[in-house]
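**Q** Here is how the chains run, residue by residue.
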Amino acid sequence: MSNPLDVAKSDLELAAAIRQRDRKATARFVELYSDAVYRYVWRRLFPRTEAVPDLVQDVFVAAWRALPGYQGDAALQNWVLGIARNKVEDYYRRTLRDAQWLTEGIDTEEAETAPAAVGLSAEGMIDAERDSARASRILDDLPYEYAIVLRWKYWDGRSSLEMAEGLGKTVKAVERLLARARAQFGKQWLNDGKGKEEE
Amino acid sequence: MMEDLLRASLSSDTDTAPGAPSTLKSRIFSALVRLEQEDGPLRILSESRDAGEQLCVFEHLVAAVPSEKAQAANPCEVCHARLLGEHVENAPIYWPGCPYSRYCGH
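Chains as they are written, first to last, in numbering that gives the first Met the number 0: chain B, 0 to 198; chain E, 0 to 105.
For the record, the hints were derived by calculation from the structure and aren't laboratory data.
We put the beta carbon where it would ideally sit given N, CA and C, even for glycine.
Be aware that a few hints might be false.
Stated by the list, open to error - Example chain B residues on the side facing chain E (calculated, C-beta under 8 Å, incomplete):
| hint | residue |
| --- | --- |
| 1 | E30 |
| 2 | A65 |
| 3 | D89 |
| 4 | Y90 |
| 5 | R92 |
Unchecked claim - Just a sample of chain B residues kept apart from chain E, beta carbon distances all over 12 Å, derived:
| hint | residue |
| --- | --- |
| 6 | R18 |
| 7 | K23 |
| 8 | T25 |
| 9 | R27 |
| 10 | A35 |
| 11 | V51 |
| 12 | P52 |
| 13 | D53 |
| 14 | Q70 |
| 15 | N85 |
| 16 | D97 |
| 17 | A132 |
| 18 | A134 |
| 19 | D155 |
| 20 | G165 |
| 21 | A182 |
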């Protein structure tokens with residue numbers, strides 16, 4: 000017989016078994032999806048990964064509580080990752096709300112002029128894979144609030160309005176923060192490129 | 000251009016992330032089983048076995064007891080494999096059918 004931890008039953012059967020409080024099905028649920036959820040959360044919180052374990056556990060507890068509502072409209076893994084996305088966004092909101100400079104002391108001149116000065120090299124655009132790695136590295140080195148606001152915007156695809164509503168801030172405040180984050184990203188991109196040329 | 004780059008670079012950005020530690024998997028499983036116990040009696044082990052789930056040696060013993068109350072108990076609560084699994088990364092647990100052993104890659 001195949002090992003039941005290796006071969007998943009259908010998502011609906013697994014969900015039904017967990018709803019029956021079948022501990023063995025629950026074990027399989029954790030085995031099947033914990034790596035994907037962990038990777039998802041880890042990358043979105045990097046480099047502050049100390050919060051990842053608690054957040055991942057929160058995702059599974061929330062998923063377990065919500066399982067009675069699972070109708071099989073999406074693959075179970077995608078459904079669980081959807082819950083992970085919500086938990087990560089909650090974390091982003093908490094972190095950005097705590098950022099005192101979100102609406103105070105913003106140097107708008109720098110934010111509004113720096114992005115225009117950023118030009119990605121033609122060479123960079125040719126080598127998309129290398130650019131991607133470089134962008135990830137730069138993002139990881141940015142001030143944390145900048146990194147997560149860029150991830151929230153460009154990874155999760157949230158609009159400025161959605162982010163503003165989530166933060167209880169104005170759209171303008173969010174757009175200023177995004178502009179500053181992009182400006183800082185652009186500066187570091189250029190500096191990173193100069194460093195590479197000098198090597 | 001920069002916005003395109005950010006979108007492109009972030010869309011495939013989970014490749015370098017590590018998988019979940021075995022201790023975390025163990026703690027999550029234990030937490031979920033505790034929630035299930037708070038919600039009601041666990042599914043009896045003979046039913047889990049009949050549904051195709053693999054039991055560990057201790058669970059086989061419990062499943063042989065002709066008492067639904069006994070079968071709904073959780074032998075993992077007093078098992079050293081759970082303790083090891085929750086506290087030692089990739090602990091040397093080798094019980095077939097034990098989730099904690101599976102989380103440790105055995």
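**Q** Are the hints correct? Go through all of them and say.
**A** Comparing the hints with the structure gives:
Here the hint on E30 (chain B) is kept, as its CB sits about 6 Å from the closest CB of chain E, short of 8 Å. Below 8 Å, beta-carbon pairs count as interface contacts, and A65 (chain B) has none with chain E, the closest being about 12 Å; its hint is therefore violated. Proximity of D89 (chain B) to chain E is violated relative to the hint, the smallest CB-CB distance being about 18 Å (cut-off 8 Å). A hinted interface residue such as Y90 (chain B) counts as satisfied when its beta carbon comes closer than 8 Å to some beta carbon of chain E; here the least separation is about 16 Å, so the hint is violated.
Nearest Cβ of chain E to the Cβ of R92 (chain B): about 19 Å, over the 8 Å cut. The hint is violated. A Cβ of chain E approaches the Cβ of R18 (chain B) within 12 Å, the least distance being about 10 Å, so the stated non-interface status is violated. At roughly 4 Å, the least C-beta separation between K23 (chain B) and chain E is not larger than 12 Å, which violates its mark as non-interface. The Cβ of T25 (chain B) does not lie farther than 12 Å from every Cβ of chain E; its closest approach is about 5 Å, which violates its non-interface assignment.
Annotated as non-interface, R27 (chain B) brings its C-beta within 12 Å of a C-beta of chain E; the closest such distance is 8 Å. Not every CB of chain E is more than 12 Å from the CB of A35 (chain B) (nearest about 8 Å), against its label as outside the interface. Its closest Cβ contact with chain E, about 9 Å, brings V51 (chain B) to no more than 12 Å, contrary to its assignment away from the interface. In this structure P52 (chain B) is not separated from chain E by more than 12 Å, as the shortest Cβ-Cβ distance comes to only about 5 Å.
With a cut of 12 Å on Cβ distances, D53 (chain B) falls inside the contact zone with chain E, its closest approach being about 10 Å. Every beta carbon of chain E lies more than 12 Å from that of Q70 (chain B), the smallest distance being close to 20 Å; the non-interface claim holds. Distance to chain E confirms N85 (chain B) as a non-interface residue, since its nearest Cβ pair spans about 17 Å, more than 12 Å. Here D97 (chain B) stays apart from chain E, with its beta-carbon at least about 23 Å from theirs, past the 12 Å limit.
Not every CB of chain E is more than 12 Å from the CB of A132 (chain B) (nearest about 8 Å), against its label as outside the interface. A cut-off of 12 Å between C-beta atoms contradicts the statement that A134 (chain B) is not in contact with chain E; the least separation is 4 Å. With 12 Å as the threshold on Cβ separation, the claim that D155 (chain B) sits away from chain E is violated: the shortest Cβ distance comes to roughly 9 Å. Consistency note on G165 (chain B): stated as away from chain E, and its beta-carbon is indeed over 12 Å from all of that chain's, at 19 Å minimum.
Taking the minimum C-beta to C-beta distance to chain E, about 10 Å, the non-interface status of A182 (chain B) is violated against the 12 Å cut.
Checked against the numbered hints given earlier, the structure breaks hints 2, 3, 4, 5, 6, 7, 8, 9, 10, 11, 12, 13, 17, 18, 19, 21 and satisfies all the rest.
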